[in-house]
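**Student:** Let the hints inform the model, and build the full structure from the sequences given.
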Amino acid sequence: MRRDQPRSSSTRVTTTAFPLTCARDGLAQRFVWATGQSDSPADLHARGSNAWRQPTMNTIEEITQLEERLRDAELGPDPAFFEEVLADDVMLDRQRAKAKVVEAHQPGSGPKFSKVEISNYDIVDHGVAAVVTCDGTYEGPRASRTLSFMRVWLKRGGRWQIIAGSVSG
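Counting with the numbering used here, you get residues 1 to 169 for the letters of the sequence shown.
I should point out that these hints are in silico values taken from the structure, not numbers from a laboratory.
For each residue, glycine too, the CB sits at the ideal point set by N, CA and C.
All clues stand as given, with none of them false.
Computed spacing ranges between beta-carbons, pair by pair:
| hint | residue 1 | residue 2 | range |
| --- | --- | --- | --- |
| 1 | 166 | 106 | 22 to 32 Å |
| 2 | 108 | 128 | 28 to 38 Å |
| 3 | 141 | 168 | 20 to 30 Å |
| 4 | 135 | 104 | 18 to 28 Å |
| 5 | 166 | 140 | 18 to 28 Å |
| 6 | 169 | 141 | 17 to 27 Å |
**Tutor:** What follows is the structure, encoded as structure tokens:
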């Protein structure tokens, strides 16, 4: 899952399950800051460091784990995961679709997908929100299809939920 030529001015961060491409641009800081220090942003700010302005690995790691659980829930199927992770007012492709997604992932006559592969992850950390873009290849008993996704995760009440998303293919 490595690229021979990374995007210009980008840093490639790879985890076991997901390649994460993070870049820094003028509008949003889209990179992972990791120094190995356990200082909180408040501690760094108090010492006069500018490092407190950088997003931490915590958001990236949390979203990466949730995205991996989402992939597993697609294979499950696991409607309880979608019930938990989709906000009640989630907007998916211009409609409130939580009930539809939960219903589509109910166990039925067999697994809907035999294989789900996710690639080309890009996670942009906005503090209490994160935007994920990725491609997913779904193989099932009748067909195989590759789709492109965008999801907006928001942390409210201490937990991450998907509040918006789109799919194209």
